[in-house]
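Numbered per the numbering used here, the first sequence spans residues 23 to 401.
The hints are simulated quantities; they were obtained by calculation from the structure and are not laboratory data. No residue lacks a Cβ here, since even glycine has one placed at the ideal position from N, Cα and C. Treat the hints with care, since some could be wrong.
Only pairs whose alpha carbons sit at most 20 Å apart, straight line, appear in this in silico EDC-like list of lysine to aspartate or glutamate [to be verified]: (1) K27 to E59; (2) K55 to D24; (3) K181 to D220; (4) K78 to E194; (5) K191 to E76; (6) K181 to D195; (7) K181 to D201; (8) K347 to D226; (9) K55 to E36; (10) K27 to E50; (11) K181 to E221; (12) K248 to E327; (13) K116 to D249; (14) K116 to D129; (15) K166 to E388; (16) K135 to E123.
For each label pair, taking beta carbons as the anchor points, the in silico distance ranges come out as [said to hold, decoys possible]: (17) I61 to S89: 44 to 52 Å; (18) R100 to R224: 33 to 41 Å; (19) A193 to K35: 45 to 53 Å; (20) G351 to E36: 33 to 41 Å; (21) P237 to A110: 29 to 37 Å; (22) E278 to R153: 29 to 37 Å; (23) R352 to K248: 45 to 53 Å; (24) E36 to P175: 46 to 54 Å; (25) R282 to T74: 41 to 49 Å; (26) N179 to S48: 47 to 55 Å; (27) N353 to I51: 38 to 46 Å; (28) G351 to R282: 31 to 39 Å; (29) F111 to R296: 18 to 26 Å; (30) N353 to D46: 45 to 53 Å.
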Amino acid sequence: MDALKNRRNLESKEVGALKAKGQDASAEIAAMKQVSEQIAALDAQLREAETTREEKLLYVPNPPHPSVPDGAAAESNREVRRWGAPPAFDFAPKPHWELGEKLGILDLPRAAKVSGSGFTCLRGAGARLQRALLGFMLDLHTQKHGYTEIWPPVLINAKSMTGTGQLPKFAEDMYALRDDPLWLAPTAEVPVTNLYRDEVLRADQLPIKLCAYTPCFRREAGSAGKDTRGMIRVHQFDKVELVKITSPETSSAEHEALVRDAEAVLQALGLPYRVMLLCAGDMGFCAAKCYDLEVWCPGVNAWLEVSSCSNFEAFQARRMNLRVKDAEGRNRAAHTLNGSGVAFARLNVALLENFQRADGSIALPEALRPYLDGRAEIR
RNA sequence: GGAGGAGUGGCUGAGCGGUUGAAGGCACCCGACUUGAAAUCGGGCAGCGGGGCAACCCGCUCGUGAGUUCGAAUCUCACCUCCUCCGCCA
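Generate the whole structure from the sequences, applying the supplied hints.
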């Protein structure tokens, strides 16, 4: 193939030289025409084979990191550590939907009227609390953890969705627009990581640490009937996301640090949680290793996932052609990581259920008060 | 949405069918001059993939993709992005 192309290149130059001298080159031209036809045929074959191969590769999941435990489902996840103690109540703790409704801060019936089931509407102090959480989390990550704040688009094209691994396999999990080839972001991971798609980064730019607040949209296809009450599993929720782009050498350490950054949110709010290392079977398609942060929610009597911190290693970087130039000047796939820091909906659940009092009012954590004009409770 | 214009190396900017992978400038690197620096002068300097111990060699790349041609940065078509003006609009 390359040899044929080489011949065409060389002899075409000769044709040019002959013509420049005013000589006849029709014999050479005829020969080259044949060569060009051969090249075109081979080229088409090669392209087709490569396209087929790449399409198939897009469906191959990321192999788990060696430190990931075996196992098919959540039962095999390993608890790594636990922080805080579940609160002791001298009354029966209520679930968040009862608390929220009584306080007039959560209006699920009207949200269903506007959009449908699986949507929430917060009101008054509930809405105000979101604004406080947003400021609190972003300040924590930008001021204490060294992340740069990003405010990205949330309507996403197919290339970006493929880059982070949502497409082509998970198209049915996402909302698509009817008239434009765009998708609603299921997580800020997509727009934020894809900011660097098709780039070659210098080692001295790394690690890149970004955080972003965005709404997130998920169809939750296939999870019908699960967690249908309240605001545990909804189609639209808000999230502060942490994203890192690192060299292959440092991604593992950066992953651990990212988990700690997410934990810092829960610690500052005083919410009891545990860190779970997911087993191979419970991890997503893209991750090489993943920790979940699960916060204790006494009202629903369950540990709820408020953050999922993944190291994708080179998986996403290869899909999005994101590379790092190493010391020898070679380009290698970067490593990408992300984790929620943290998701709002379930955080609300945790705040309401953990800090509820017998009379149905809610005590607000100290750390949030500067963001709430000093307010200490919702009642 | 309508009408125009533009996309070339890290940046800028020429080229508009035939040794052009691409002039010039800036930036950068090496060297000379200098006590040092600046200025000046000389030299070097695109990326990706493949082959070789190496000197080097080959292929691809001028927004993307198709096409015309023996040969395309240069011609044709489609798409994408950006800019200007009009309309609409938070």
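How the hints compare with the structure:
no. : hint                     : result
1   : K27 to E59               : holds, 11 Å
2   : K55 to D24               : holds, 16 Å
3   : K181 to D220             : holds, 11 Å
4   : K78 to E194              : holds, 18 Å
5   : K191 to E76              : holds, 13 Å
6   : K181 to D195             : holds, 17 Å
7   : K181 to D201             : holds, 17 Å
8   : K347 to D226             : holds, 10 Å
9   : K55 to E36               : holds, 14 Å
10  : K27 to E50               : holds, 15 Å
11  : K181 to E221             : holds, 14 Å
12  : K248 to E327             : holds, 14 Å
13  : K116 to D249             : holds, 16 Å
14  : K116 to D129             : holds, 17 Å
15  : K166 to E388             : holds, 17 Å
16  : K135 to E123             : holds, 16 Å
17  : I61 to S89: 44 to 52 Å   : holds, 49 Å
18  : R100 to R224: 33 to 41 Å : holds, 37 Å
19  : A193 to K35: 45 to 53 Å  : holds, 49 Å
20  : G351 to E36: 33 to 41 Å  : holds, 36 Å
21  : P237 to A110: 29 to 37 Å : holds, 36 Å
22  : E278 to R153: 29 to 37 Å : holds, 31 Å
23  : R352 to K248: 45 to 53 Å : holds, 46 Å
24  : E36 to P175: 46 to 54 Å  : holds, 52 Å
25  : R282 to T74: 41 to 49 Å  : holds, 43 Å
26  : N179 to S48: 47 to 55 Å  : holds, 49 Å
27  : N353 to I51: 38 to 46 Å  : holds, 40 Å
28  : G351 to R282: 31 to 39 Å : holds, 34 Å
29  : F111 to R296: 18 to 26 Å : holds, 20 Å
30  : N353 to D46: 45 to 53 Å  : holds, 47 Å
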